[in-house]
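Student: Below are the chains, spelled out letter by letter.
Number of protein chains: 2
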Amino acid sequence: MTSGKQLFSTLADGILTVEILETNYSDPTGNQVLVKMEAAPINPSDLALLTGAADLENAEYSDGKFVASMPEPFYSAQKGRHGLRLPVGNEGAGTVVAAGEDEAAQALIGQRVACVPGSAYSQYCVVDASMCLPLGDISSEDGASAFVNPMTALSFAETARAEGHNAIIHTAAASNLGQMLIRICQEDDIALVNIVRKPEHVELLSNMGAKHVVNSSDEDFADQLRGAIDSTGAYLGFDPIGGGQTVDSCFRAMEQVAVKYMDEYSRYGSNQQKKMYIYGRLDMGPTILTPAYGFGWTLSGWLLFPFLQKAGTETAARMRQRVLSGLTSTFASSYKSKVTLEEMLTKEAVTDYRLMKTGEKYLVTPQE
Amino acid sequence: MTSGKQLFSTLADGILTVEILETNYSDPTGNQVLVKMEAAPINPSDLALLTGAADLENAEYSDGKFVASMPEPFYSAQKGRHGLRLPVGNEGAGTVVAAGEDEAAQALIGQRVACVPGSAYSQYCVVDASMCLPLGDISSEDGASAFVNPMTALSFAETARAEGHNAIIHTAAASNLGQMLIRICQEDDIALVNIVRKPEHVELLSNMGAKHVVNSSDEDFADQLRGAIDSTGAYLGFDPIGGGQTVDSCFRAMEQVAVKYMDEYSRYGSNQQKKMYIYGRLDMGPTILTPAYGFGWTLSGWLLFPFLQKAGTETAARMRQRVLSGLTSTFASSYKSKVTLEEMLTKEAVTDYRLMKTGEKYLVTPQE
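Chain order of the listed sequences is B and U.
Heads up, the first sequence is in our numbering, so the first residue is 1 and it goes up one at a time.
Heads up, the second sequence is in our numbering, so the first residue is 1 and it goes up one at a time.
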């Protein structure tokens, strides 16, 4: 039996405790492999378990541990996890050091793989061989973010094609994922409307060759957005913000453009179907939808795993292959800081990465 | 050429003018028929053009006319109709008195029909024969509401079946439409969760045989709703309110029930897909969605005509046939008051029907 250090998150009695503990990993059986984890990114999707809305300013920090109070309504909203000691870390990469008896598992021994264990902030992980992406010559650091962002961004292009759209709106578009999406849409000839909120992000994305970048902080944002929708025909959008009126702004602009092309007034609005997906919750406030765009709209939550399940193994395999061949180009991630398991729980690190600033991603290196 | 009285609604310079004018109707050609209108209901969907958010208390009322100011933001929100003189009245029934040269049109001469002209508050309407529903022995009053409510309620059952659901949540369920839906669901063996907001409506619907009626004004509303969802498996809902947190309450309750049946905690919520449709705007305030039910949900606007178009002519014809055979039973409407074209524009009438009180529907009789 292998043992090592692993990060756990426990929410109980209004208190969030995140700590590094010594753990015994079960031996891999059947199609499972044991991966010695070498690199794991901190994605926004990890923060739900890692920090949530905890009071990190006034938390108690000690070696490999922090203890923070979790304010209401956030404490009660997570009733399902009260008292549970949960592993954290969606994805990462490392080397397969042991395997179950199945052929596919055995074949991976000694190989570097990317994987999605849900417990990546750990020195070892047990995962199914079928969910491993062999990295070949690519380093664990380059392969650590091979799954969540690349597959999500690719899924947006897949979704657009599957739903008959040739253009996409993306909000919070300066993110790592947003930059990937720009490259994907360039390769796939999909028009992309990028919404950012800072002038330097307009410049960043424009320098990448993005044709339509609109700044939600500008006074004429609504005008900019209508113009971009009008010239691209983007009636499908993806939003990682969730709260507030970002989705509402998109629906409103879509409808205003569509109405321009109507021959006759209709009290019900245009017949143009408008669709938005919320795929993240950077803003935990409520989503506000105003009655300003008739009834021809659909808003959905979006998650990667249900999407991949619905898309089927063939599509998922094709997408994985594309990610692998572009891991250091189209799908490259960059990191602001590298931290060890212990360092990721210091006040300095925690209060910094929970801000989810554009271009300031952390990478965890569990072996150091 | 036939002439007669017709109601028109004009919004211009912040003022809503609704008036009865003498009009010349064009002669029917091709497949068109001229219907002498005998009865037309005032549905909530008519109020958007008829009153909207106009200041009806302080309006100027004269014979066959009222002039009211339209407050912001409602005036600007209807930019598309500024200065247009629009007919009003989705549906009604009457007798075909003239027809174009096509056989189908000619065959309707002398028959009583229900129709959806969009200009039903008028002594005559020109409509396409293919959109007429011959009423046979049924009176125009009984047939006046044969389209909007019956077809909408039937569409909910069609939608449930098409999307693989066996149970429905309906909000504002004490309405005329809600009562039809109860009868349809009884006939079709679909479980129905009725949300109402008054104890007398709980009684009303229970007396009709509704098994699940929950009162949103009760303190334990959330408990009642969870209980009803748990025993029916209703993860699909239809909401005519739109604004506020009705949809949010439904999603929240659906998720809380679904989470009970999960083996393992997931930060992303349950895998149970939750779906709500907004098909009306009884509340013009914003729709508020809180981040309390993960990402497995979809909210859509819903309109009858796009639905029927998508469903296809065969389905629509089958639905129409069912409505016709149940017009005085399953699909019966009842009215609080009958008014002439002129009477419908008095202060007493306008300020009453715009309240859209349950069970207090108006019927317009344009020939009187």
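Some hints here could point you the wrong way.
[What the hints assert, rightly or not] Restricting the straight-line Cα-Cα distance to at most 25 Å, the calculated cross-link-like pairs of lysine to aspartate or glutamate (DMTMM-like) are:
no., chain 1, residue 1, chain 2, residue 2
1, B, Lys79, U, Asp352
2, B, Lys338, B, Glu103
3, B, Lys79, U, Asp230
4, B, Lys79, U, Glu203
[What the hints assert, rightly or not] Partial list, computed: chain U residues near chain B (C-beta under 10 Å):
no., residue
5, Tyr61
6, Ala98
7, Ile278
8, Ala332
9, Tyr335
Just so you know, the hints here were simulated from the structure itself, not pulled from any lab data.
Given the structure is predicted, the values throughout are model-derived calculations rather than measurements.
Ideal Cβ placement from N, Cα and C applies to all residues, glycine included.
Student: Confirm or reject each hint.
Tutor: Hint check results:
1. Lys79/B <-> Asp352/U: Given pair Lys79/B, Asp352/U is violated - Cα atoms ~46 Å apart, limit 25 Å.
2. Lys338/B <-> Glu103/B: violated (35 Å)
3. Lys79/B <-> Asp230/U: Between Lys79/B and Asp230/U the Cα gap is close to 19 Å, so the pair holds against 25 Å.
4. Lys79/B <-> Glu203/U: Distance ~35 Å between Lys79/B and Glu203/U Cα, so the pair is violated.
5. Tyr61: violated (23 Å)
6. Ala98: violated (25 Å)
7. Ile278: holds (7 Å)
8. Ala332: violated (26 Å)
9. Tyr335: Check failed: Cβ of Tyr335/U comes no nearer than 23 Å to chain B, outside 10 Å.
Violated hints, listed in ascending order, are 1, 2, 4, 5, 6, 8, 9; each of the other numbered hints is respected by the structure.
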